[in-house]
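We have chain A already, so just place chains B and C on it with the hints.
In case you want the letters, here they are:
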Amino acid sequence: MIRIENLTKVFETPEGPVTAADHITMDVPDGEICILLGPSGCGKTTTLKMINRIIEPTSGRVSINDEDTTGMNTTDLRRSIGYVIQQIGLFPNMTIEENISVVPRLLGWDRKRTRERARELLDMVALDPSAFMGRYPGELSGGQQQRVGVIRALAADPPVLLMDEPFGAIDPINRAVIQDEFLRMQSELNKTILFVSHDIDEAIKMGDRIAIFRAGRLVQYDRPDDLLAHPKNDFVESFFGEDRALKRMQLARVRDVMEDDVPVVRHDDDLRRALELMDERGYHYAITLVNEHHQPVGMVMRSTAETRRGKCGEHYYGVDALAHLDDDLRKVASLMFSHDTTWLACVDEDGRLAGTLTQRGITRYLGATYRPQE
Amino acid sequence: MDIITFIADNVDVLVNRTIEHIALVAVAVGLAVATGVPIGIAITQSQRVANIVLYIASMVITVPSIALFGVMIPILSTIGQGIGYVPAVIAVLLYSQLPIIRNTYTAINDVDPALREAARGVGMSPMQRLRMVEIPLAVPVIMAGVRTAVVMNIGVMAIATYIGAGGLGTFISRGISQTDPRQLIVGAVAVSLLAIAADFGLLGLQRRLTPRGLQRAGG
Amino acid sequence: MLLQSPQRLFYGTALVVMFLLGVWTEGSGFIDEFLYYRGDITYLLGQHIELMLISGGLAITFAVPVGVLLSRPRFARVAEPAMQVLNIGQTIPTLAVLALSMTLLGIGRVPAIFALFVYTILPIARNTYAGIKAVPPHMKEAAAGMGMSATQMLFRVELPNALFVIFAGIRIALSVNVGTVPLAFLIGGGGLGELIFTGIALDRPVMMLAGAIPTAALAVVVDMVVAAVAFLTVPKGVNPLRNPA
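Protein sequence lines correspond, in order, to chains A, B and C.
The numbering of the first sequence is the numbering used here, which starts it at 1 and goes up by one.
The numbering of the second sequence is the numbering used here, which starts it at 1001 and goes up by one.
The numbering of the third sequence is the numbering used here, which starts it at 2001 and goes up by one.
One chain only, chain A, in its complex shape (with noise of 0.2 Å):
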């Protein structure tokens, strides 16, 4: 765990002194990321950079798994945390392996060793060791030298990884494929994180916690959803925009949010059984056709039950959008726009029915949250 406590910096300016980080109080529990977001000179950089002491802080306390550090010898202290900057700040005259290998090296790990921990670092970020060990940053892409820049700050296995906008230099697309790959490698490696970012989805999406900062100060610090849900202020409802209600979409999964006990009828079901089924519940639009193997098929309208007879079987419309369970709602919502429907069947990895999802039910679970807490 990464403890914060007062910590406070002040720069001394020729227009006189700056508090760039005004008694920050926070806690990083093992193994969870926590993002500092803010708008530019809010403090975040400046609190993250008093972690490993590029910044000396004018007072407060960091102690990481109980060890205070403020008495720590800094090159100690640095060597044992992992660090990556947005700059990636590969040395231009090292190998890929030199520079993964630099903090081993200082650390006085023998050859052998430090060479198989570089080559482990590269298959995990599905760089090739054998052609790229050898290879100099200028002969890498920009996502590549960021992988490597990650790598890097891991060699040494530290317990608490610093990221100062580590991805903030690279285009979108890749952006999007180096933050799964992060996360993947993360629920592996369950490491601490500290990670500044003033891209606010970026956080939503990378954060097991965020702390918003403005002018210096912590403003808030929760987990994402109830950050969207439960701004504290005008300024955290206004940083994270009008839409943070669509915002919030992204965090929930189709699995939270679904009714799974529903009925189904099947083909050879009479249409009044359906009908039946849908007082029985109350449903006013339609209910969902299975197949054998219980995989949703189509749906029988109520119009078409009160008015036709028949199998069900014969009167029913195909679906052609499905929702999977760890689909998010924003995604789920972007398929009800695009097909017209204001109802999805959901299903599991075999493809079968797990429940169903309706506007209704996704409005009504996000609006719970909004509504006045007693």
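Among chain C residues calculated to face chain B with C-beta under 10 Å, some are:
1. I2092
2. P2093
3. A2096
4. V2097
5. G2106
6. V2181
7. I2187
8. L2192
9. G2193
10. D2203
11. V2206
12. M2208
13. A2217
14. L2218
Stretches of chain B that chain A covers, calculated by requiring three or more beta carbons in the stretch to come under 8 Å of a beta carbon on chain A:
15. 1121 to 1130
16. 1208 to 1214
Partial list, derived from the structure: chain C residues whose beta carbon lies under 7 Å from chain B:
17. T2091
18. A2099
19. S2175
20. T2215
Derived from the structure by calculation, the hints contain no laboratory data.
Quantities reported herein were computed from a predicted structural model and do not represent experimental measurements.
Heads up, the beta-carbon is just placed ideally off N, CA and C, and yes, glycines get one too.
Here is chains B and C on its own, set in the frame of chain A:
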């Protein structure tokens, strides 16, 4: 024809004077590297000191060589070294300071701040940072300074023949005083070729000393 | 207050050293002897400056147009080889240039001026060419887009933007020139070199210094004057010294 026979007759003198010339420049520039590089690194610590040091060095370099010799002779005479190779070596040493100090200073100063931060971030001490990152990156630029210094001072050393330092300038000085075109041309061509050769040779060395990772970017 | 800025400290120290030097030289009778050469100094300094101005002036008027011409598209093919030749030419020691000039033209003022002229051309032509070439293409594109002719573009866009680099070349060239003028004496060109070389030959330190000190002072002054002229003539927007950003 005259010239060819002159060269043939004086081959050993020509070789000796060339070696002498190279040795004097090499010793002086060698000493200049040994002093200039540490000075260049040291002054990166303070912009003000750097400005003063570079100002003085650039003033020294504007002083014409023969005037510098002229000023040095009476001073060095007090220790019995007024004439000969000592003032010549000292002059070259002084002249070389500007290109070497300036290039070292700029090269170290120009190291991308992101790299410096990365080096600090991975826990390098200031000395490790200098040794593993800053100096390797600065070497090509420092070498360019050495190259400038060598080429310039091959010319200065030629003039130093007038204060008895020897070297290839001797052919020219005798050629002038005896109005002997053969010696004039041999001296002038030899010293020119030496300068051109040194320029190319050091360019090659500069390229070889450039870390491989910088070659593509630096050209 | 003296310690307020390092510059002041520097000038202060220099002043004190000079004063002590003055006391010492006066005591040793140096100044009297130095003043004995007053007439020679004035006369030779005149010659010295004349050599410099004639060769330098000719070189500037010749080299700048050459540099401009080489930067024109129709000379593109010869420009790079010509620059290579100029670069190599600059490595040739000054004494060698004087010696070669003497073998061609004999002794006297003409070969001296010729040698100085040739040697001064090199950095100016090179910097003029490089300065114009370094004008960003987008600037020229904008100028062309406004409908400027090639000549208008040269005088309104390319030259003003290259001026700083051209002046840097002139400064280097004149500094080398003024450093080479004393050598002109060797091939009969006159100038302060006479006092220096004769002083060395006769082992007369004061005579030597009577030549060396004004030579050195002149070199420093010329350098400062060129720097000042450059500072004042280069347009503010493209003068890095005026915008230390």
